[in-house]
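Colleague: Protein chains in written order, with our numbering: chain A, 1 to 223; chain B, 1 to 248.
Rather than coming from a laboratory, the hints here were simulated on the basis of the structure. Keep in mind that the hints are not guaranteed to be accurate.
Covered stretches of chain A (in silico footprint by chain B; criterion: 3 or more residues with CB under 8 Å from a CB of chain B, positions within the stretch not fixed) [what the hints assert, rightly or not]:
{"#": "1", "stretch": "95-107"}
{"#": "2", "stretch": "170-179"}
{"#": "3", "stretch": "183-197"}
Here are a few chain B residues that sit away from chain A, every Cβ distance over 10 Å (derived from the structure) [what the hints assert, rightly or not]:
{"#": "4", "residue": "Ala13"}
{"#": "5", "residue": "Asp25"}
{"#": "6", "residue": "Asn41"}
{"#": "7", "residue": "Arg121"}
{"#": "8", "residue": "Pro143"}
{"#": "9", "residue": "Asn170"}
{"#": "10", "residue": "Pro192"}
Just the calculated beta-carbon pair ranges, DEER-fashion [as the list claims (entries may be wrong)]:
{"#": "11", "chain 1": "B", "residue 1": "Pro145", "chain 2": "A", "residue 2": "Val124", "range": "27 to 37 Å"}
{"#": "12", "chain 1": "A", "residue 1": "Ile123", "chain 2": "B", "residue 2": "Pro143", "range": "49 to 59 Å"}
{"#": "13", "chain 1": "B", "residue 1": "Gln124", "chain 2": "A", "residue 2": "Arg104", "range": "27 to 37 Å"}
Think of the CB as a built atom: it goes at the ideal place given N, C-alpha and C, for glycine as much as any other residue.
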Amino acid sequence: MARTMWDSSVGKKTVMAVSGVIMLLYLVAHVIGNLKIFFGPEEFNHYGHWLRTVGEPFMHYEWTLWLVRIVLLVAVVAHAVSAYQLSRRDIKARPSKYVHKKPRASYATRTMRWGGIILGLFIVWHVLDLTTGHVHPGGFQEGHPYENVVDTFSTWYGNVIYIVAMLAVGLHVRHGFWSAAQTLGVGSRTRDRALKTIANVLALLLTAGFIAVPVGVMTGVVS
Amino acid sequence: MKLTLRVWRQKNADADGTMSTYEVDGISPDMSFLEMLDTLNEELILKGEDPVAFDHDCREGICGACSLVINGDAHGPERTTTCQLHMRSFRDGDTIDIEPWRAAAFPVIKDLVVDRSAFDRIIQAGGYITAPTGSAPEAHATPVPKPDADLAFEHAECIGCGACVAACPNGAAMLFTSAKVNHLNVLPQGAPERETRVLDMVAQMDEEGFGGCTLAGECATACPKGIPLMSITSMNKEWLRATRKVKR
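Isolated chain B (complex conformation) (with noise of 0.2 Å):
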């Protein structure tokens, strides 16, 4: 495959970025995403030319590291994470516009990287159980409903790679904020920090400069995990619960 690639070029956080055109030639159908950026960024370096930065690490869906809006779309036009989306999505002779996540909370580090411990600071303030240290505690000293154990799964599934916030015409962080909020509070393990986590977690996503949810539901449409629009509902209610019961 013989493909044109317009990639968003900038050298470091306050310098400003343009798309430069790049064409590259040999691209299997086999490849993935990353491995054709590869390809590209090998001759680069042989040109001496400065290779294309981008976030990568476990390159088999389940770290959240990778990103890239290609085409206008958060992870590309299959929904999974970039590095598992393959060349195969592609035509030969296809021009693909390849840009950063776009948020104010996101800068860009250079090129294709954001930074996302704005996401780290979010779980900070709420992210967690008070869990006991010592030895594992006996499977079934808390007992969890089938339902809610699915249902906290289905949130845990959040890899915090950030598309919600690159696909959310708000750059707002709602979804992955309420994945976060739902996964624990759905627990009994979650149960003792219910109203704070919540309280904590939204504050911090408004301080970190996301925006606000108008329930587009780009940012489900765009999640590589499947987290459900109805996520946003539940932390809403969650949230409205623990105003009327914690006395700030």
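Okay, chain A solo, but in the shape it has when bound (with noise of 0.2 Å):
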């Protein structure tokens, strides 16, 4: 059943709709934990700490977090994988353009694949920013999140980055979330109406979300 399912179109598909959802999933807790920026350094830095004791004393520190990172990790490999040879694909199919071009699809579809690229690229940025503090701008202190999310929308390419990367992030969820449904066969026209609205939704409540952290840096309300 794996091999079925890797080595047709419509499985490696599958691949991506539930990969997607597990992704789609894990930014809607993302960007609820993120807006406890909001309520000040204290209330943020332990929601921090949280994250690393979840399930103490069945597990031991930081298991859960970890065990969450391996499977995100799995889903980004299993998600990028089965996109890049699905456009492989897609791209040698249609080997000549037609001359008379037309503006097809709408924006979020056609930018799902530079989105991700996009995405992806942010997403090792973001890393190696506010998680291992390589790249971050000033002294990155371990167990500070507060403080360095500060840091990281005090500098103008911080900002930039992240807005960039978080309009794509509604964009793809917008296109995502919907053909996602239609993979795993849950769409259908009774139902239609109601996924495209969650869709739109979601993409727009993620971006806000997220968006609002780095505004509310800017605007002083989070210094």
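Bring the two chains, given one by one in their own frames, into a single complex with the hints.
Modeller: Here it is, written out as structure tokens:
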């Protein structure tokens, strides 16, 4: 069954849909966590610490966090590899373009591939900036996410990279969520409007929720 | 009507093609698009030039032989087949671009004619039922619920013209394949091959070098028979169900 899945274009799209949904669920949790920054450094830093102690005493310190990280890494890799292979196939299937060109499909649909690449690069920067601190502007303080976030969004490029990436997330989710539903066969004529609405609302809330943090730092609400 | 046509001309499958410009005059708005091309070809033949090759057969919108991407739209600006498109959809003095279906799985044979035999092989892979031969069975022997019959009929409308492939940015044959799969899979007559049909037809579709679905929706917009985009969703559901049920 795994072989049939991976070898078929329909199966590979299923891999994309499932890994996409996993990442989307994570994003929802992530944005809720982020918004705690508006309640001050104590609450936000405590939340950051709690993420490492989830599941104790059943789980050891940071075990749950690492479990989530591994699942996410597998999801990102599966999503990217299948996207790459499917895109290669799609491009090969349409070698010559039409002379008479017309604007096709919605903006969100047309930007899935580039948007995905932008998001992939963003994740690398984001982890190096706020998780490991390798490219962090100013002194990275382990266990003080509030201060680290303020550092990042006090630089112009930190804001630009982050806001562009979050707009890309919105567009990606807008087409991706609805598409995943079709790929997994849960879409139907009666459910279509609801699925499209959920996709739009999710995209809007995620983008707005994430962008609220750099805007908060820029306007001095978070400092 | 006087029109300027820019037509894709290509000697054979191996030759390089190019867009050639022709002027046609005395076109009636009541002519079909193919009759307009017939007019052009008559002039070309009189001038001793090679007429433009294009596919056509029934000319009443039911056979699926005609094709043509007209001004970037498969089957042109109206939601019908090229043979049922009339020149009243254009204006006097218009310039019209005419190109063949574009897909790796549909190689150009000559000018506007492409090889669509990949569709035949998809049908051969599973687009049939194990029909008992002999005299026709009693019509009421196999009851079919009305909603199922309607759904099957909606998908059976597919004439296999390939407009979905031509319109798809990925040259995918998902709408064609899903129309055929759903047509037979909802009916009791199609039940014995329900799982193998979808698995084999999708495998053949991949084998032919068609692209995958990115749900851009262009296929359903171009389809002259109005096969809905949800048809692909239903096929995905059938495919996932079949992979769970069939051990290979």
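Colleague: Verify this for me: three or more residues of the stretch 183-197 of chain A with a beta carbon less than 8 Å from a beta carbon of chain B.
Modeller: Contact hint for the stretch 183-197 of chain A vs chain B: holds, 8 residues under 8 Å.
Colleague: Mind checking the hinted window 49 to 59 Å against the Cβ distance between Ile123(A) and Pro143(B)?
Modeller: Since the Cβ atoms of Ile123(A) and Pro143(B) sit about 55 Å apart, the hinted range of 49 to 59 Å holds.
Colleague: Measuring Cβ to Cβ, find out whether Asn170(B) lies farther than 10 Å from everything in chain A.
Modeller: 4 Å, violated
Colleague: Is the gap between the beta carbons of Gln124(B) and Arg104(A) within 27 to 37 Å?
Modeller: 31 Å, holds
Colleague: Can we confirm that no CB of chain A comes within 10 Å of the CB of Asn41(B)?
Modeller: 21 Å, holds
Colleague: Using C-beta distances, would you say chain B covers the stretch 95-107 of chain A, given that this needs three or more residues below 8 Å?
Modeller: holds (count 10)
Colleague: Report holds if the minimum CB distance from Ala13(B) to chain A is greater than 10 Å, and violated otherwise.
Modeller: Label holds. Min Cβ-Cβ 13 Å, cutoff 10 Å.
Colleague: Against chain B, does the stretch 170-179 of chain A show at least 3 residues with beta-carbon separation below 8 Å?
Modeller: holds (count 3)
Colleague: Would you say the C-beta atoms of Pro145(B) and Val124(A) sit inside 27 to 37 Å of each other?
Modeller: Since Pro145(B) and Val124(A) have Cβ atoms about 54 Å apart, the given range 27 to 37 Å is violated.
Colleague: Pro143(B): least C-beta distance to chain A exceeds 10 Å?
Modeller: 24 Å, holds
Colleague: Can we confirm that no CB of chain A comes within 10 Å of the CB of Pro192(B)?
Modeller: 20 Å, holds
Colleague: Going by Cβ atoms, does Arg121(B) stay more than 10 Å from chain A at every point?
Modeller: With a cut-off of 10 Å, Arg121(B) remains clear of chain A, as the shortest Cβ separation is near 16 Å.
Hint violations for this structure: numbers 9, 11, all remaining hints satisfied.
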